[in-house]
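**Q** Sequence:
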Amino acid sequence: SKGTYVRTLAVMIGEKLGYPAHMSHLIRTASGDFSLDECFTFDELEAQAQSGTVEEHTVPIERALNHLPKWIISDTLAKKVENGALLETPEQFSEMTSGDRIAVFTESGTCLAIYFPHPAKKGLLKPAKVLMQKSEQ
Numbered sequence: 002s003k004g005t006y007v008r009t010l011a012v013m014i015g016e017k018l019g020y021p022a023h024m025s026h027l028i029r030t031a032s033g034d035f036s037l038d039e040c041f042t043f044d045e046l047e048a049q050a051q052s053g054t055v056e057e058h059t060v061p062i063e064r065a066l067n068h069l070p071k072w073i074i075s076d077t078l079a080k081k082v083e084n085g086a087l088l089e090t091p092e093q094f095s096e097m098t099s100g101d102r103i104a105v106f107t108e109s110g111t112c113l114a115i116y117f118p119h120p121a122k123k124g125l126l127k128p129a130k131v132l133m134q135k136s137e138q
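Per my numbering, residue 2 is the first one in the sequence shown, and the count goes up by one each step.
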């Protein structure tokens with residue numbers, strides 16, 4: 002698995018020292034490109050919803066997915082993506098492995114979907130999540 006399990010690490014360190022150990026408190030201060038100061042509590046989100054200011058605090062999907070490789074596709078291919086079609090893996094992504102993901106964008110910069118290598122059909126990509134709706138075309 003990816004990442005370090007800090008709680009497990011604390012237990013293992015305790016075992017090596019000959020003492021029982023555990024974590025009583027853990028705060029994730031960042032995840033990817035996002036930091037704790039950009040987060041909101043449920044109460045804050047509720048207040049934003051009531052005041053109609055949620056959109057002022059919403060992060061664009063493009064920023065949320067900026068850790069993924071970006072594939073810009075034609076309008077013709079975008080129609081296939083809309084329907085959740087399997088796509089041929091382009092040359093620039095031919096080295097992808099099963100855990101990899103790519104963000105699929107239109108030429109105008111709209112994120113359409115997230116794709117990954119098909120587990121059974123070599124050379125094809127499968128949608129993990131289609132983000133666009135038919136009415137968005």
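In case anyone wonders, no lab produced these hints; they're calculated from the structure.
Beta carbons are placed, not taken as given, at the ideal position from N, Cα and C, and that holds for glycine.
Fair warning: there could be bad hints in the mix.
[Claimed, not checked] With a cut-off of at most 30 Å between alpha-carbon atoms, the simulated DSS-like pairs for lysine-lysine come out as follows: (1) 122 with 71; (2) 81 with 17; (3) 80 with 130; (4) 81 with 123; (5) 127 with 80; (6) 17 with 71; (7) 130 with 81; (8) 81 with 71; (9) 123 with 71; (10) 71 with 127; (11) 17 with 80; (12) 122 with 81; (13) 80 with 122.
[To be verified] Ranges of calculated distance between the beta carbons of each label pair, as one might list FRET restraints: (14) 44 with 92: 47 to 57 Å; (15) 30 with 75: 34 to 44 Å; (16) 64 with 131: 17 to 27 Å; (17) 40 with 5: 13 to 23 Å; (18) 19 with 133: 48 to 58 Å; (19) 30 with 131: 48 to 58 Å; (20) 56 with 34: 46 to 56 Å; (21) 69 with 5: 13 to 23 Å; (22) 94 with 19: 43 to 53 Å.
**Q** Do residue 64 and residue 131 keep their Cβ atoms within the hinted range of 17 to 27 Å?
**A** Holds, since residue 64 and residue 131 (Cβ atoms, about 19 Å apart) stay within the stated range.
**Q** Assess, step by step, whether the Cα of residue 127 is no farther than 30 Å from the Cα of residue 80, and give holds or violated.
**A** Distance ~15 Å between residue 127 and residue 80 Cα, so the pair holds.
**Q** Has the given pair, residue 80 with residue 122, been kept, meaning a C-alpha gap of at most 30 Å?
**A** The given pair, whose Cα atoms are some 21 Å apart, holds under the 30 Å limit.
**Q** Does residue 127 sit within 30 Å of residue 71, going by the straight-line distance between their CA atoms?
**A** holds, 15 Å
**Q** Hey, residue 81 versus residue 123, does the alpha-carbon distance stay inside 30 Å?
**A** Cα-Cα ~19 Å, so holds.
**Q** Assuming the hint says 13 to 23 Å, is it satisfied by the Cβ distance from residue 40 to residue 5 or not?
**A** holds, 21 Å
**Q** When you take the CB atoms of residue 56 and residue 34, is the distance between them in 46 to 56 Å?
**A** violated, 20 Å
**Q** Between residue 17 and residue 71, is the straight-line Cα distance small enough, at 30 Å or below?
**A** With a Cα-Cα distance of about 44 Å, the restraint between residue 17 and residue 71 is violated, given a limit of 30 Å.
**Q** Would you say the C-beta atoms of residue 69 and residue 5 sit inside 13 to 23 Å of each other?
**A** Taking Cβ atoms as reference, residue 69 and residue 5 lie about 22 Å apart, which means the hint holds.
**Q** With the threshold set at 30 Å, check whether the alpha-carbon distance from residue 17 to residue 80 stays at or below it.
**A** violated, 57 Å
**Q** That 48 to 58 Å hint for residue 19 and residue 133 (C-beta), does it hold up?
**A** At roughly 57 Å between Cβ atoms, residue 133 and residue 19 fall inside 48 to 58 Å, so the hint holds.
**Q** Is the hinted pair residue 122 and residue 81 satisfied, with a Cα-Cα distance of at most 30 Å?
**A** Distance ~18 Å between residue 122 and residue 81 Cα, so the pair holds.
Checked against the numbered hints given earlier, this structure breaks hints 2, 6, 11, 19, 20; the rest are met.
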